[in-house]
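So the protein lines, in turn, are chains A and B.
Residue 99 in our numbering is what sits at position 99 of the first sequence, and the numbering runs on without skipping anything.
In our numbering, each residue's number is its place in the second sequence (first place is 1) plus 117.
Simulated from the structure, these hints should not be mistaken for lab results.
Honestly, I wouldn't trust all of these hints.
Here are the computed lysine-lysine pairs in the BS3-like style, where the Cα-Cα straight-line distance is at most 25 angstroms [as the list claims (entries may be wrong)]:
1. B:120 x A:41
2. B:190 x B:120
3. A:66 x B:190
4. B:220 x A:20
5. A:55 x B:220
6. A:41 x B:220
7. A:66 x A:41
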Amino acid sequence: GAVVSQHPSWVICKSGTSVKIECRSLDFQATTMFWYRQFPKQSLMLMATSNEGSKATYEQGVEKDKFLINHASLTLSTLTVTSAHPEDSSFYICSARVSGRGNQPQHFGDGTRLSIL
Amino acid sequence: AQKITQTQPGMFVQEKEAVTLDCTYDTSDQSYGLFWYKQPSSGEMIFLIYQGSYDEQNATEGRYSLNFQKARKSANLVISASQLGDSAMYFCAMREGPGGYQKVTFGTGTKLQVIP
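Looking at chain A on its own, in the form it has when it is part of the complex (with noise of 0.2 angstroms):
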């Protein structure tokens, strides 16, 4: 079945840097893929969709800046957190639909846990 990876699986960081995640799509190609951010205990809150090629479409209250996405193959999307703050410490897990087929489920990746100190 489909796979995606995601990388890192944790990273533990000093506030400032930046942080970039990784999000790939083993054996299919992924036109779209979406990122999400989990917090403890929580419902995954969609962050942006990432469309191959094009600029990401952001949801309401998510910050462009900060969490850049860049979507350069149809096989790789990535996100960075730009100086990141404690803040932004939570569950981040992205996904990806088989092209074209809409009525597949979406794949997701393990998730990266980010904790900034």
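Given chain A, work out where chain B should sit, using these hints.
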């Protein structure tokens, strides 16, 4: 208004028994999709079952079945013969929107605990 409503923050079920997890949704789209995902404590999201808005029959996948009542806008998940490994968070989700602008909204989840 909430797009996806899961009214059960937590549920307990005896091993080998069946359990129903509730989900209601709100959309004005004619074409949409409904999903259930399982999230164990390790964090990964595991796809369980899908129901399209035009599907006339309820979806089934092994021990999982989706009780789709379109007029009531409900899509409850039924797990039969519960196993200890079913203990996890369960999220109901809905995909709506046209073509390349589709996005998925998740409910707040139900924490299921299976008791031996």
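Here's how the hints hold up against the structure:
no.	hint	in the structure
1	B:120 x A:41	holds (19 angstroms)
2	B:190 x B:120	holds (11 angstroms)
3	A:66 x B:190	violated (37 angstroms)
4	B:220 x A:20	holds (23 angstroms)
5	A:55 x B:220	holds (16 angstroms)
6	A:41 x B:220	holds (22 angstroms)
7	A:66 x A:41	holds (24 angstroms)
When the structure is compared with the earlier hints, a violation turns up for hint 3 alone.
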